[in-house]
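Enquirer: For reference, the chains in residue letters:
Protein chains: 2
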Amino acid sequence: MKNISRLLGLAVGLGVLYAGMTTEAADKKKAKQLRHFVCFKYKAEATKAKIAVVEKAFAALENKITEIKAFEKGTNNSPEGLNKGFKHCYLITFGSEKDRDAYLVHPAHKKFVELVGPVVEDVFVVDYWAGK
Amino acid sequence: MKNISRLLGLAVGLGVLYAGMTTEAADKKKAKQLRHFVCFKYKAEATKAKIAVVEKAFAALENKITEIKAFEKGTNNSPEGLNKGFKHCYLITFGSEKDRDAYLVHPAHKKFVELVGPVVEDVFVVDYWAGK
Numbered sequence: 001m002k003n004i005s006r007l008l009g010l011a012v013g014l015g016v017l018y019a020g021m022t023t024e025a026a027d028k029k030k031a032k033q034l035r036h037f038v039c040f041k042y043k044a045e046a047t048k049a050k051i052a053v054v055e056k057a058f059a060a061l062e063n064k065i066t067e068i069k070a071f072e073k074g075t076n077n078s079p080e081g082l083n084k085g086f087k088h089c090y091l092i093t094f095g096s097e098k099d100r101d102a103y104l105v106h107p108a109h110k111k112f113v114e115l116v117g118p119v120v121e122d123v124f125v126v127d128y129w130a131g132k
Numbered sequence: 001m002k003n004i005s006r007l008l009g010l011a012v013g014l015g016v017l018y019a020g021m022t023t024e025a026a027d028k029k030k031a032k033q034l035r036h037f038v039c040f041k042y043k044a045e046a047t048k049a050k051i052a053v054v055e056k057a058f059a060a061l062e063n064k065i066t067e068i069k070a071f072e073k074g075t076n077n078s079p080e081g082l083n084k085g086f087k088h089c090y091l092i093t094f095g096s097e098k099d100r101d102a103y104l105v106h107p108a109h110k111k112f113v114e115l116v117g118p119v120v121e122d123v124f125v126v127d128y129w130a131g132k
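Protein chains in written order, with this note's numbering: chain R, 1 to 132; chain D, 1 to 132.
Certain hints may be false.
Which copy is meant is left open, because identical chains are indistinguishable; a pair holds if it fits in one copy or across any two.
To be verified - In silico BS3-like pairs for lysine-lysine, Cα to Cα no more than 30 Å straight-line:
1. K132 - K48
2. K73 - K50
3. K87 - K110
4. K43 - K56
Read the hints as simulated data drawn from the structure, not as lab findings.
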């Protein structure tokens, strides 16, 4: 009985180890992250409804462009006042510069640029490899 | 022997399940992410060595300020030319606005601001709750 208990303990341990390794592999894949950080300054006349349409279209690119690894968005709430009038933030993650370049010329992205162009006053973009 | 095999299989399964649940709990904890996005435009006279010192000090805050959940940095490589002269990017993640506020007034952060102040020409900051 003692031996079976030990064997069971070992088996549970192996299971945890296996799952841990799978997670580690996933983390490693996630590790190479090219960030594409975008801020929009919408025109004063851009209504909330119009901004909502644009943001929905931006978020929808994740399902249309396979090169996008992750998409997130949010509205500035910094108390520092260093946002230079930019309020709307978008962070897209790619796995390579090739993928980022493919996104930039993708028909779905080009269509989105046509949608957003008339309602934005200014755009800020930086891309960088996420490092420590 | 067949029963022991089944039991072992079950135990491995339980181990995987347990590890999976732990990962899920970690993911949930990670889910609430307040992004603090910073860009520096270093002065023309700031040497590479000086920038390296500043960046090392910035990264070191992660070990000094417990409210910091994650820190990453990188140098702009966007081909779009919309970076407004900003090259150096830093992304800090917090779990709450309270934590972000605690960071802003933390003595270690204040000391860092004193270090970076004389070498930067311009600073851009936006904070946002990462949403979909």
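Enquirer: For each hint, tell me whether it holds in the structure or not.
Expert: Right, here's what the structure says about each hint:
no.	hint	in the structure
1	K132 - K48	between (37 Å within a copy, 17 Å between copies)
2	K73 - K50	within (16 Å within a copy, 33 Å between copies)
3	K87 - K110	both (23 Å within a copy, 25 Å between copies)
4	K43 - K56	within (18 Å within a copy, 38 Å between copies)
Violated hints are absent here; each numbered hint is respected by the structure.
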